[in-house]
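Going down the list, the sequences are from chains A and B.
First residue of the first sequence: 27, per the working numbering; consecutive thereafter.
First residue of the second sequence: 21, per the working numbering; consecutive thereafter.
Just so you know, these hints were derived from the structure itself, not from any lab.
Model, not experiment: these values are computed from the prediction.
Where a beta carbon is used, it is the ideal one built from N, C-alpha and C, also for glycine.
One or more hints might be untrue.
What the hints assert, rightly or not - Pulled from the structure, derived: some chain B residues nowhere near chain A, Cβ distances all over 12 Å:
1) L40
2) V60
3) L107
4) Q183
5) G233
6) D328
7) N345
8) A375
Said to hold, decoys possible - Between beta-carbon pairs, the in silico distance windows are:
9) E280(A) to Y394(B): 32 to 38 Å
10) T362(A) to H384(B): 46 to 52 Å
11) H384(B) to G88(A): 54 to 60 Å
12) H384(B) to H363(A): 25 to 31 Å
13) E85(A) to V79(B): 47 to 53 Å
14) K170(B) to D329(A): 55 to 61 Å
15) K45(A) to V101(B): 51 to 57 Å
16) Y394(B) to D329(A): 31 to 37 Å
17) K45(A) to I231(B): 49 to 55 Å
18) K45(A) to P248(B): 58 to 64 Å
19) A297(A) to I228(B): 28 to 34 Å
20) T97(B) to L29(A): 16 to 22 Å
21) H363(A) to T54(B): 56 to 62 Å
Spelled out, the chains give:
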Amino acid sequence: MALNDEQIMLKDMAAGWVKDTMPTTAARALYGAPDGIGHAPDAWAEMAAMGWTGIIVPEAHGGSDFGFRSLGLVLEELGRTLAPSPLLSSALAVSALRLAGDAAQQARWLPGLADGSVIGTLAVDEGPRHAPLATALTATPVGGGWRLDGIKRPVQDGMAAHLAIVVARVADGGADDLALFAVPCDVAGLTRDPLDQVDARVPAIYRFDGVEVGPDSRLVGGTAMVDALLDRARAGLSAEMLGMMTQAFETTLEYLKTRVQFGQLIGSFQALQHRAADMFAELQLTRSAVEAALSAVDADADDLPTRASLAKALAGESLHRISRQMVQLHGGIGMTHEHDAGLYLRRAGVAEQCYGNAAFHRERWGRLNGF
Amino acid sequence: MADHDSTALQDFRQEVRSWLAENFPAELKGVDGTIYQSNVHTAAADPTYQLWRERFASVGWGVPTWPVRYGGAGLGTEEAVIIGEELARAGAFNPIRSFGVMMLGPTLLEYGTEEQKQTHLPYIADHTRRWCQGFSEPGAGSDLASLQTKCTDMGDHWLVSGQKIWTSGADQADWCFCLVRTDTSRKQGGISFLLIDMKSPGVEARPIVLISGVTHFCEVFFTDVKVPKENLVGEVNGGWTVAKRLLQFERDSLSGVRSGLGSLAPLAHQYVGTDAEGRIADSDLRGRMIHNAMRASAYAATLERFRDEAGEGRGPSNGVSVLKNLWSGIAQERAELEVEILGSQGLGWGDDSYADEERAITRHWLHSKAYSIYGGSYEVQNNITAKRSLGLPDA
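Build the full structure now, drawing on both the sequences and the hints.
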């Protein structure tokens with residue numbers, strides 16, 4: 027579906043800002059920063075001032091309500107330079123409150139999320155593989171409220187977040203026994219530690235040790251609601267991955283047009299031309315799948331699960347292929363820390379795993395479609 | 021896209037629906053229309069098909085976007101899409117599909133003289149004149165521009181001698197649009213685009229039997245064939261430009277052939293069986309089927325996206341080479357999966373031992389190998405993408 031004028035303006039603005047303010051050197055500066063939180067607070071403040079933190083927040087709560095497709099445009103541009111920011115994580119907290127929050131919960135959190143003073147995140151995974159249905163963190167009713175016990179890891183942007191949307195198993199839930207809780211990250215009994223992973227982000231391990239929260243922290247809905255929220259995470263992350271692979275491809279293409287060996291530009295070799303053409307074709311398939319998933323969120327489409335899994339699976343496969351080819355086609359220079367290829371490779375590894383890898387989503391898509 | 025129809029489009033949809041209800045012969049409902057396209061004798065011998073063709077041609081809907089004066093309906097792309105959707109809804113088919121409609125017509129609209137348009141387009145529009153494409157030669161396949169069919173200017177006519185190959189339907193065609201060499205000193209710059217009446221003395225078409233057992237393609241021999249001067253399209257030695265445009269129309273139509281890509285899951289349930297949880301029993305095959313189906317789904321979204329981005333009436337772009345390679349790869353993989361699902365039942369030839377549906381899958385598997393060869397091979401498409409879309413340098 028074609029972009030409207032506002033979306034074209036937003037995309038242009040994001041492209042310009044990312045290029046000027048958040049080039050890959052910005053991500054590079056965050057590597058190994060002591061006590062880092064995985065993003066640059068100054069840049070976050072600018073993003074908030076431009077209204078990006080409120081893109082999917084209703085106008086009544088201080089946002090612009092531009093929709094997920096618009097958010098995807100910004101995420102795609104940020105992905106191009108690997109710009110680290112908690113924009114997606116925070117937007118997922120917004121989605122949770124919009125989908126499953128009551129008026130009081132929305133009034134409490136949405137204005138802060140909209141103006142960027144509150145950073146949100148989604149605490150879903152508990153181990154090395156994405157397996158939301160295997161959630162072990164428990165929520166036990168105590169004195170009208172709930173007690174949370176268990177571990178979440180990795181929590182994306184977990185060291186920066188003020189609000190965590192926590193996926194928990196409710197003891198009395200039966201088959202539909204997952205639930206969502208909105209938990210302030212400074213709550214008593216919650217300790218968090220950074221995970222020093224290969225990219226510039228800083229996810230966290232969250233330990234819930236008898237964390238007591240009030241009845242007003244529970245959002246409505248069960249397992250289906252968790253799925254609906256995760257599909258937004260998958261669509262949004264796919265948009266970031268689309269931006270990453272687009273830039274990785276363009277940077278590599280530029281190298282093919284400038285690098286000379288055997289007395290000629292290496293981009294004149296048919297073997298490399300065809301590899302580039304094949305990657306370009308994969309990029310086209312992926313773009314279509316990602317845009318369709320983002321639009322499906324806005325349309326509240328019944329086939330969102332299918333589309334989100336299609337997008338995340340293709341984004342995972344294509345980013346995998348293109349990021350690896352970026353290193354290969356750059357040869358020795360691509361292996362150096364000085365060159366950006368390694369940064370794309372490292373971030374690709376993380377993004378591929380996050381919210382379900384390609385195999386997870388092929389299996390899910392197959393199940394949803396009768397295979 | 022029905023939810024986006026404006027009031028005018030909704031009215032048009034209603035008009036098409038009512039017209040089809042009145043005019044589409046009920047006997048043809050659910051019939052595969054391609055049987056009439058591929059066999060002129062079947063088409064000629066079936067009065068119901070002829071009735072349907074005449075009715076459809078009378079409203080110009082076989083070529084809805086062409087001007088009315090050339091037999092079209094003068095409609096926009098959105099209306100054309102609606103006609104296609106309503107045909108599918110009614111279980112009907114477009115009886116006017118042909119190489120003339122897909123390739124020559126759009127090319128003549130861009131490059132033909134007014135006289136050429138009037139002489140040929142109305143007969144493409146009502147499907148009373150069949151065309152074939154005389155491009156490839158025994159020594160000019162992927163390297164099409166090396167073609168050698170000789171065309172000499174004899175003053176008041178052209179004289180053509182040479183051989184073409186892989187000419188689809190040449191034995192059933194009335195006319196041939198042909199690339200010929202008018203200058204041997206330049207490669208691309210010595211090619212001209214000529215329209216040749218297949219009934220001319222000196223033209224002979226011989227069918228070629230393919231691995232799938234069908235005789236879709238022909239060799240065509242031209243021996244001192246006289247062609248009127250006015251049958252040249254474009255400039256003398258300017259035929260390569262016309263041909264490149266025509267090939268874009270061809271790839272566009274080939275990459276749009278995605279109908280019938282329904283799920284293979286039911287076939288696998290039948291032949292492979294299911295496990296206790298209802299999944300296809302062979303988990304490795306299942307995984308590859310899922311992957312192929314996902315790519316087909318993303319391909320359908322890509323076709324839609326390219327169409328949206330191209331906008332109204334712009335015709336195909338360089339992107340068709342990308343689409344053609346994606347489609348041929350996905351469709352070939354699907355054909356391989358179908359045969360794998362059928363196991364030994366997918367390898368029958370004679371009609372006594374295997375069901376018709378099984379043999380159709382086998383033949384289609386063999387035929388599908390042509391997808392990455394015809395209309396410009398996989399390799400040629402990637403050359404085009406590398407140069408025109410990606411701007412990579414020549415060797």
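How the hints compare with the structure:
1. L40: Holds, because the least Cβ-Cβ distance between L40(B) and chain A comes to about 28 Å, which exceeds 12 Å.
2. V60: holds (36 Å)
3. L107: holds (24 Å)
4. Q183: Q183(B) clear of chain A: closest Cβ-Cβ about 29 Å, beyond 12 Å.
5. G233: Correct as stated: the minimum Cβ-Cβ distance to chain A is 32 Å, above 12 Å.
6. D328: With a cut-off of 12 Å, D328(B) comes too close to chain A, as the shortest Cβ separation is near 6 Å.
7. N345: violated (6 Å)
8. A375: Holds, because the least Cβ-Cβ distance between A375(B) and chain A comes to about 23 Å, which exceeds 12 Å.
9. E280(A) to Y394(B): 32 to 38 Å: holds (34 Å)
10. T362(A) to H384(B): 46 to 52 Å: With a Cβ separation near 50 Å, T362(A) and H384(B) satisfy 46 to 52 Å, so the hint holds.
11. H384(B) to G88(A): 54 to 60 Å: Since H384(B) and G88(A) have Cβ atoms about 58 Å apart, the given range 54 to 60 Å holds.
12. H384(B) to H363(A): 25 to 31 Å: Since the Cβ atoms of H384(B) and H363(A) sit about 52 Å apart, the hinted range of 25 to 31 Å is violated.
13. E85(A) to V79(B): 47 to 53 Å: Holds, since E85(A) and V79(B) (Cβ atoms, about 49 Å apart) stay within the stated range.
14. K170(B) to D329(A): 55 to 61 Å: holds (57 Å)
15. K45(A) to V101(B): 51 to 57 Å: violated (38 Å)
16. Y394(B) to D329(A): 31 to 37 Å: holds (34 Å)
17. K45(A) to I231(B): 49 to 55 Å: holds (53 Å)
18. K45(A) to P248(B): 58 to 64 Å: holds (60 Å)
19. A297(A) to I228(B): 28 to 34 Å: Taking Cβ atoms as reference, A297(A) and I228(B) lie about 32 Å apart, which means the hint holds.
20. T97(B) to L29(A): 16 to 22 Å: holds (19 Å)
21. H363(A) to T54(B): 56 to 62 Å: Holds: the Cβ-Cβ distance is about 58 Å, inside 56 to 62 Å.
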